[in-house]
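For this one, chain H is given, so just place chain P on it according to the hints.
So the protein sequences, as listed, match chains H and P.
Everything in the first sequence is counted per the numbering used here, starting at 521 for the first residue and increasing by one.
Everything in the second sequence is counted per the numbering used here, starting at 129 for the first residue and increasing by one.
Errors might be hidden in some of the hints.
[Stated by the list, open to error] Calculated lysine-lysine pairs in the BS3-like style (CA-CA distance at most 27 angstroms, straight line):
#, chain 1, residue 1, chain 2, residue 2
1, H, 560, H, 528
2, P, 450, P, 143
3, H, 641, P, 260
4, H, 560, H, 749
5, P, 260, H, 872
6, P, 150, P, 450
7, P, 215, P, 414
8, P, 215, P, 260
9, P, 142, P, 175
10, P, 260, H, 560
11, H, 641, H, 814
12, P, 175, H, 872
13, P, 260, H, 595
14, P, 215, P, 256
15, H, 813, H, 803
16, P, 175, P, 245
17, P, 450, P, 142
18, H, 872, P, 450
19, H, 803, H, 641
20, H, 814, H, 803
21, P, 215, H, 872
By construction, these hints were calculated from the structure, which means they are not laboratory data.
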Amino acid sequence: MSNTGTQKLLAAIEALGDRPMNLMEVCGTHTMAIARSGLKSLLPGNIRLLSGPGCPVCVTPAEIIDGVLELAMEKNVIIASYGDMLRVPGSTPGDSLLRRRALGARVEIVYSPVDAVSLAKENPGREVVFLGVGFETTAPGTAAAVLTAQEEGVNNFSVLSMLKTVEPALRTLIAMEGFQVDGFLCPGHVGSIIGEAGFRFLPEEYGLPGVIAGFDPEEILLAVYHLAKQITEGHPRLENDYRRAVRPEGNPLAQAMLNRCFVPRRELWRGLGSIENSGLGLKEELAAFDAEKKFGLTAAPAANPTACRCGDVICGRLSPEACPLFSRRCTPEDPVGPCMVSSEGACAAAYKYRGI
Amino acid sequence: MDEIISLDYGSGGKKTARLIEKLILPRLDNPALRELGDGAIVDGGEKLVFSTDSFVVSPLFFPGGDIGKLSVCGTVNDLSMCGAEPKYLSCSFIIEEGFPFSELERIVESMAVQCEKAGVQIVTGDTKVVEKGRGDGIYINTAGIGVLRHPGLGPGNIRPGDKVLVSGFVGDHGTAVMLARNQMMQGEIASDCAALNGLTEAILSVAPGVRILRDPTRGGVATTLNEFVEGTALGIELEEARIPVRPQVQAACDMLGLDPLYCANEGKLLAVAAPEDADKVLAAMKNHELGTDAAIIGEVTERYPGKLTMRTAFGGSRVLQKLSGAQLPRIC
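One chain only, chain H, in its complex shape (with noise of 0.2 angstroms):
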């Protein structure tokens, strides 16, 4: 049985009427947190939780990890990744770091940007390629990795820059046809790096309504009913529902880190395509550590060649079963979007509740 707190939210969001309303996370935490607790079980019928593109490894195009497989299989590489990297497919399906793995590529799994330059110490006599994915929140840990790198001199060390941020691709989501999103659960952690300002575009430019949420289920309900009253009082603003670790200005010592060592640059999204100054490419000045320019990389933007349709599910204009592909080419085992590469994305959610 939940608990009373949990109990009192849902009667709140229940009184508040029958209107129709989709909510969108845009975190892959959330997204968890939302899955692993059965929270969208809970609510009633009329509000409509839809994953958008929150998931940082879910969101790598094939066109990149293209370049990453290829340059795995270089005799001298290391490839070292965070875990959830290694089954997102390339272009050819099937593809993956998993399968370069069992041909003989080496690939570690890291648990921080810091371990893959220890594992470059270990390793003077090959280059260690770090891939460095995720949203603000994991970018100060890559630029921490590649200034460690530049200090202690670890010169076989380099970050291939997947890092991209929150606000170009919800601007690009908002600006999509058909876009029918009522209100945005703003990610917690993302927030605690770029602060209540970060997302004060939603409201002021787009009327929208937004909610930085923290993680507990409880918390993500709060946050569900605050979206959910401002949405029928037609009040949009941005509210901070996790005031223990987001300010209003955020962390300025991680913001000052990421202007050291990034710039904005356009990058490609699987499922989005190509958004300008959304993605964070390394500095002219720390070219050294630059996987991309030591090995002569350079990421095609190309469309997206397949007919996933996940642009349109993470919108909430197409259901995940009216994609053609949807559980014929692109299951779980061997994913084609990113809504079924995250274990819990729109698509695989879809796929594991079939019949429920």
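Here is chain P on its own, set in the frame of chain H:
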């Protein structure tokens, strides 16, 4: 693209099942193997149970056990889950050139201790050595024979209303090995590796009508329970709040992005029992040193055929699928 053996095929999840069903079973099919139980029941003077398992683990020594202990307990447990009294084991070592004698001694001594505890003997064996770089220190295969004492255990016996029990804390082994591999939180979590034949005997002697016993090794509790009901008209509903998980295991899993319900266990068993037997089984578990933290964790229903679902501690409900490939630590 050519099919190759990737790590996923060893995960105990869907790919492992596919490998068995598509590649191995069609070629080596016979009535005993076809059942795909933890051991095979074959004709003999008495009914015998026969099982085999290979052990590859990194690191070879971890808190709570080592590859030698694992190789004895693993096969003893497979036999025990079939209702057998384990008797004889075979043992094959595949050793990498350069492996220290001292470590091999530790491993064999550990095997001897477990054989003594479980009351089994290793009666045949083999050793091969491969070139440096062609193995991971040491691999061990054991096969075991037991005498069938309690015939008829199997998923076909499961009925609506049956209770699902677990003999103690889940996820200890998988988490302990993962932490040891990454040299994190050393010493805080130990593997539960143990021979379970005493526990199964204690259960079956008080409740011979138990439907099925299974040790949830690779793929964990969630994968094993899925196997009980998949393709049937029955489902299992778990109650998250009743599943025993050590707080430090939960914390380590949260940190690594893993789920204790999918982590391997090497000294736990799952039992399904009729409602009138459930309390007897629970008492038998709790009275045994390897089952003191046992609990009734769920029930068999007809509501969601073929599915494993869970009422979460938060009050919601969710579906638990079989493990899909190896568990990989998540960034988000």
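**Prompt:** Does the structure break any of the earlier hints, and which numbers would those be?
**Reply:** Of the numbered hints given earlier, those the structure breaks are 5, 8, 9, 10, 12, 21, listed in rising order.
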